[in-house]
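Chain order of the listed sequences is A and B.
Okay, so the first sequence: first residue is 1 according to the UniProt record's numbering, each after it adds one.
Okay, so the second sequence: first residue is 1 according to the UniProt record's numbering, each after it adds one.
Please note: incorrect hints may appear among the correct ones.
Any copy will do: because identical chains look the same in the list, a pair fits if it lies in one copy or spans two.
Cross-link-like lysine to aspartate or glutamate pairs, in silico, EDC-like; alpha carbons within 20 Å at most [as the list claims (entries may be wrong)]:
1) Lys257 - Asp244
2) Lys177 - Asp187
3) Lys147 - Asp124
4) Lys257 - Glu206
5) Lys257 - Glu201
6) Lys147 - Glu201
7) Lys49 - Glu153
8) Lys319 - Glu216
9) Lys145 - Asp187
10) Lys145 - Glu10
Read the hints as simulated data drawn from the structure, not as lab findings.
Number of protein chains: 2
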Amino acid sequence: MGGLMDNLEEAATAIKMHDNFVLTTHINPDGDALGSLMGLGLALLNAGKNAVMIMPHPIPVAFQFMPGSRQVQKTSDVLARFDLGITLDCTDITRAGEEAQKVLQRAGKLLNIDHHISNQYFGDLNVVDPQAAATGEIIYDLLLKAKMPVTSEIATNLYTAIITDTGSFQHQNTTAKCLRTAALLLDCGAAHRVVQQHLYEQRSLESLRLLARGLESLSLNEEGTVAWMTISRDSLYSSGAAVDDSEGLIDYVKSLKGVEVGIVFKEVNPSEIKVSFRSNNYLDVNKLAAHFGGGGHERAAGCTINGELGDIEQLVIRKTEEQLFAMNENSGGPRK
Amino acid sequence: MGGLMDNLEEAATAIKMHDNFVLTTHINPDGDALGSLMGLGLALLNAGKNAVMIMPHPIPVAFQFMPGSRQVQKTSDVLARFDLGITLDCTDITRAGEEAQKVLQRAGKLLNIDHHISNQYFGDLNVVDPQAAATGEIIYDLLLKAKMPVTSEIATNLYTAIITDTGSFQHQNTTAKCLRTAALLLDCGAAHRVVQQHLYEQRSLESLRLLARGLESLSLNEEGTVAWMTISRDSLYSSGAAVDDSEGLIDYVKSLKGVEVGIVFKEVNPSEIKVSFRSNNYLDVNKLAAHFGGGGHERAAGCTINGELGDIEQLVIRKTEEQLFAMNENSGGPRK
Chain A
1 MGGLMDNLEE
11 AATAIKMHDN
21 FVLTTHINPD
31 GDALGSLMGL
41 GLALLNAGKN
51 AVMIMPHPIP
61 VAFQFMPGSR
71 QVQKTSDVLA
81 RFDLGITLDC
91 TDITRAGEEA
101 QKVLQRAGKL
111 LNIDHHISNQ
121 YFGDLNVVDP
131 QAAATGEIIY
141 DLLLKAKMPV
151 TSEIATNLYT
161 AIITDTGSFQ
171 HQNTTAKCLR
181 TAALLLDCGA
191 AHRVVQQHLY
201 EQRSLESLRL
211 LARGLESLSL
221 NEEGTVAWMT
231 ISRDSLYSSG
241 AAVDDSEGLI
251 DYVKSLKGVE
261 VGIVFKEVNP
271 SEIKVSFRSN
281 NYLDVNKLAA
291 HFGGGGHERA
301 AGCTINGELG
311 DIEQLVIRKT
321 EEQLFAMNEN
331 SGGPRK
Chain B
1 MGGLMDNLEE
11 AATAIKMHDN
21 FVLTTHINPD
31 GDALGSLMGL
41 GLALLNAGKN
51 AVMIMPHPIP
61 VAFQFMPGSR
71 QVQKTSDVLA
81 RFDLGITLDC
91 TDITRAGEEA
101 QKVLQRAGKL
111 LNIDHHISNQ
121 YFGDLNVVDP
131 QAAATGEIIY
141 DLLLKAKMPV
151 TSEIATNLYT
161 AIITDTGSFQ
171 HQNTTAKCLR
181 TAALLLDCGA
191 AHRVVQQHLY
201 EQRSLESLRL
211 LARGLESLSL
221 NEEGTVAWMT
231 ISRDSLYSSG
241 AAVDDSEGLI
251 DYVKSLKGVE
261 VGIVFKEVNP
271 SEIKVSFRSN
281 NYLDVNKLAA
291 HFGGGGHERA
301 AGCTINGELG
311 DIEQLVIRKT
321 EEQLFAMNEN
331 SGGPRK
């Protein structure tokens with residue numbers, strides 16, 4: 001029921017007023033999801049409030065170094081009622097998973113904090129800033145506004161959030177403000193080295209094998225504007241890698257010279273294909289993903305489609321080329 | 001002959017006082033070398049001064065996007081005398097190359113600006129700050145001190161300098177100050193996207209294929225402490241990649257969890273194997289490479305050995321394990 005005055009100030013007030021919180025983030029969490037969850041969760045706990053952080057699944061091993069990860073509870077173990085439910089980095093309440101959704105709906109009020117442009121404003125209060133590189137960046141502002149101290153543990157969480165969502169400040173969403181927030185987080189004691197080591201220097205042999213398989217599958221369309229990679233269940237199994245290990249593969253696809261759109265097709269289950277899109281300069285992949293029932297940002301989006309891997313590949317590539325072509329037509333003719 | 005008051009203030013005064021400059025950086029320049037050179041060079045030119053930027057070799061194609069790169073002259077074409085010579089990012093004057101050294105020595109005074117801890121303080125005035133992540137960071141401070149405007153072109157150069165030397169803020173030298181300087185440079189109009197695209201998103205399909213071949217060849221010793229990759233002439237040819245494309249492969253090898261030493265064997269010619277070593281925490285690979293007639297630093301070194309790829313692999317891995325074992329013995333027993 002998002003009102004007009006939904007903003008940071010109101011959220012800060014809500015946080016100060018209440019004492020009994022439940023917080024969660026989206027399923028298949030990334031560093032921003034978990035960093036925002038635990039950054040805000042630890043701040044509430046430090047302020048002497050009751051703050052229960054819930055997730056339907058255990059925290060992925062790669063993120064277990066993050067302070068507070070042991071304090072996150074299984075959603076199904078939580079029966080209590082809360083004054084304020086908070087979703088972090090969720091475009092839609094369903095992204096929290098079915099069980100968490102029930103817990104949140106039992107809460108007195110719902111606060112939705114996110115940075116996705118496709119956010120559905122499903123909270124009673126919505127703090128949605130698509131300018132923010134990461135939801136963690138918004139959490140930093142919120143803690144400042146609420147005058148809650150940013151400890152080194154909180155800083156490490158929020159720093160992880162920013163590093164993850166900006167690809168260590170390589171993505172286009174890197175702004176002066178986000179670099180400044182990162183600097184302030186280092187001032188607060190964020191453990192730069194620890195974060196970097198865990199995010200980038202703890203690779204498994206299996207994940208590198210999966211990268212190899214993925215790279216072997218790289219294809220380009222005729223114009224060299226669309227590149228894609230295919231992760232079949234077979235390459236996943238034969239490499240011995242975990243599903244999580246495919247995160248980041250898309251960066252290789254879009255790094256190809258001349259490519260505007262990079263796509264990864266991942267066969268997560270038989271006949272269930274997860275498609276990730278990235279664009280480099282001009283194609284709105286949020287629109288493209290929306291065509292297939294997904295969403296995200298202008299430069300990064302995704303969707304899940306049911307069907308055979310090969311068919312879906314063809315379908316999606318054709319649609320991508322169509323949208324690229326339409327854009328080039330609209331801007332005064334094809335690019336070549 | 002560096003006095004006690006050698007500092008930024010004095011350098012700013014020297015820059016304001018003089019009108020006739022020659023600037024250079026080290027041979028085999030990287031982004032910090034060129035960004036510092038052109039960042040300061042353009043600032044002097046914008047101030048209406050005569051500033052000649054010299055380099056012995058053409059600017060590498062990968063860096064030609066940097067503003068001012070067309071204004072850099074061939075060292076040998078420069079016969080004039082200058083009031084002030086400036087070296088950027090050079091630990092030693094010899095790093096500027098023989099010809100440039102002569103031009104610099106003809107200048108009235110020499111200003112040495114650098115951030116390497118091993119700097120030889122060879123200038124009349126030395127601004128050496130090992131805390132700075134990049135020489136470009138010092139140049140930003142210098143321009144501020146000298147009250148010289150930082151245009152977007154200058155900002156793009158200094159931003160490139162910082163991005164290159166911190167590995168896009170991933171390396172250990174990333175400080176809050178360096179993130180803040182980067183934020184200020186974005187405020188000044190540094191072209192984040194252009195820099196990122198040119199540094200990281202211009203990969204060729206061939207180079208990614210080579211990466212795939214390399215990753216397929218990844219091996220680990222029994223203890224998981226030594227990892228290696230083999231680039232045979234066959235994988236180089238069949239991928240269609242250039243020899244330069246194998247730069248950076250070693251970072252994948254050493255990123256493996258638990259690995260102390262990463263090694264790449266590259267068959268540069270039949271029976272001529274180039275071996276690169278990296279260590280993560282404790283093994284002195286300079287010593288290891290020296291054993292095979294090579295050298296380098298404690299954490300990064302290399303050598304070239306003649307012989308068959310397979311034989312050399314065995315030989316080098318055995319020696320590496322020996323040295324690791326000896327270290328662990330000396331530090332009170334094996335690590336397991």
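The hints, checked one at a time:
1. Lys257 - Asp244: between (26 Å within a copy, 16 Å between copies)
2. Lys177 - Asp187: both (15 Å within a copy, 9 Å between copies)
3. Lys147 - Asp124: Close neither inside one copy (23 Å) nor across copies (50 Å); limit 20 Å.
4. Lys257 - Glu206: Cα proximity of Lys257 and Glu206: across copies only (11 Å, versus 27 Å in one copy).
5. Lys257 - Glu201: Intra 26 Å, inter 6 Å, cutoff 20 Å: inter-copy only.
6. Lys147 - Glu201: neither (35 Å within a copy, 41 Å between copies)
7. Lys49 - Glu153: within (17 Å within a copy, 50 Å between copies)
8. Lys319 - Glu216: neither (24 Å within a copy, 33 Å between copies)
9. Lys145 - Asp187: within (18 Å within a copy, 24 Å between copies)
10. Lys145 - Glu10: The answer is within: 10 Å in one copy meets 20 Å, while 42 Å across copies does not.
In terms of the numbered hints stated before, the structure departs from hints 3, 6 and 8, listed from lowest to highest.
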